[in-house]
Amino acid sequence: MTTQGSTVEEWTRALAESTGSPGGGAGTGLMLAVAASLTSMVAGYSDSEEDDGGEPARIRVRAQALRQEALRLADDDASASKAFGAAFRLEPGPERDEAIRQASLEAAASSAVLGERAIGAIDDLAWLAANGNRSLVADVVVAFGALRAAVAGARTNVSFDLGSLRSAGTSLGQVRRQHPALWAAVEKLNKAMDRIDALTADIDHRAAPTDAS
Numbered sequence: 001m002t003t004q005g006s007t008v009e010e011w012t013r014a015l016a017e018s019t020g021s022p023g024g025g026a027g028t029g030l031m032l033a034v035a036a037s038l039t040s041m042v043a044g045y046s047d048s049e050e051d052d053g054g055e056p057a058r059i060r061v062r063a064q065a066l067r068q069e070a071l072r073l074a075d076d077d078a079s080a081s082k083a084f085g086a087a088f089r090l091e092p093g094p095e096r097d098e099a100i101r102q103a104s105l106e107a108a109a110s111s112a113v114l115g116e117r118a119i120g121a122i123d124d125l126a127w128l129a130a131n132g133n134r135s136l137v138a139d140v141v142v143a144f145g146a147l148r149a150a151v152a153g154a155r156t157n158v159s160f161d162l163g164s165l166r167s168a169g170t171s172l173g174q175v176r177r178q179h180p181a182l183w184a185a186v187e188k189l190n191k192a193m194d195r196i197d198a199l200t201a202d203i204d205h206r207a208a209p210t211d212a213s
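So the sequence shown is residues 1 to 213, counted in full-length UniProt numbering.
The hints are simulated quantities; they were obtained by calculation from the structure and are not laboratory data.
Just so it is clear, the structure is predicted and the values come from calculations on it, not from any experiment.
Do not rely on the hints blindly, as some may be mistaken.
Straight-line Cα separation of at most 20 Å, EDC-like style, residue types lysine to aspartate or glutamate; simulated pairs [what the hints assert, rightly or not]:
{"hint": "1", "residue 1": "Lys82", "residue 2": "Asp123"}
{"hint": "2", "residue 1": "Lys188", "residue 2": "Asp204"}
{"hint": "3", "residue 1": "Lys188", "residue 2": "Asp123"}
{"hint": "4", "residue 1": "Lys191", "residue 2": "Asp202"}
{"hint": "5", "residue 1": "Lys82", "residue 2": "Asp139"}
{"hint": "6", "residue 1": "Lys191", "residue 2": "Asp123"}
{"hint": "7", "residue 1": "Lys191", "residue 2": "Glu98"}
{"hint": "8", "residue 1": "Lys82", "residue 2": "Asp97"}
{"hint": "9", "residue 1": "Lys82", "residue 2": "Glu106"}
{"hint": "10", "residue 1": "Lys82", "residue 2": "Glu95"}
{"hint": "11", "residue 1": "Lys188", "residue 2": "Glu95"}
{"hint": "12", "residue 1": "Lys188", "residue 2": "Glu106"}
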């Protein structure tokens, strides 16, 4: 079952099963694809004859490419999740420890790539929030919500996968020293969530003017 080759009904049915593949990581990729799709849609409605070939058109091209990449990354994460689960099912011993170490690092790296792509999508959505078709502000807010879910999912998965190295006898201090880029990715993704929250707050009054809060 792949994200790229399944219907929404088929894929979500597979996600609902207690298999772990697809799981939360693949769901993170799907949320990024949703954010990219909405970004493309809003960019298309924000183009005009005067802006033909301008920033909205460039945003749409990037968003359409990201949608396809996000689905591929979702499938990559599902494969990594499968290997991760298999490693923990091995009998205790050196072979299991090495399998956990390898699977944890591969899963963390896969989620970090997904998170990096999600961070890269923030600027285009921020541009549309400020300059896009104002009639589609609700769609922009929904896109921000999907993008935040992707960033949060990537952050949590990278952190969890790195923490799983403890099952192979590695302390968190050792993980931080041995894998500084993956460790730093967690904080980078935390900051990205804060930025998305701020951007959403800036336009939420336009998207939901009847909200009592």
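Quick rundown of the hints versus the structure:
With a CA separation close to 33 Å, the supplied pair Lys82 and Asp123 exceeds the 20 Å bound. Taking the CA atoms of Lys188 and Asp204, the gap is about 24 Å. The hint is violated against a cut of 20 Å. A distance of roughly 15 Å separates the Cα atoms of Lys188 and Asp123; the hinted pair therefore holds under the 20 Å criterion. Of the supplied pair hints, the one linking Lys191 and Asp202 holds, its CA atoms being roughly 17 Å apart against a limit of 20 Å.
Taking the CA atoms of Lys82 and Asp139, the gap is about 34 Å. The hint is violated against a cut of 20 Å. The hinted pair formed by Lys191 and Asp123 meets the criterion: a straight-line CA distance of about 14 Å does not exceed 20 Å. Distance restraint check for Lys191 and Glu98: the Cα-Cα separation of roughly 32 Å exceeds the 20 Å cut-off, and the hinted pair is therefore not satisfied. With a C-alpha separation of about 16 Å, the suggested pair Lys82 and Asp97 falls inside the 20 Å cut-off, and the hint holds.
At most 20 Å may separate the alpha-carbon atoms for a hinted pair to count; Lys82 and Glu106 meet this at roughly 11 Å. Only pairs whose Cα atoms come within 20 Å are accepted, and Lys82 paired with Glu95 is accepted, the gap being roughly 17 Å. A distance of roughly 33 Å separates the Cα atoms of Lys188 and Glu95; the hinted pair therefore is violated under the 20 Å criterion. Under the criterion of a C-alpha separation no larger than 20 Å, the hint pairing Lys188 with Glu106 is consistent with the structure, at around 19 Å.
Hint compliance for this structure: hints 1, 2, 5, 7 and 11 are broken, all remaining hints hold.
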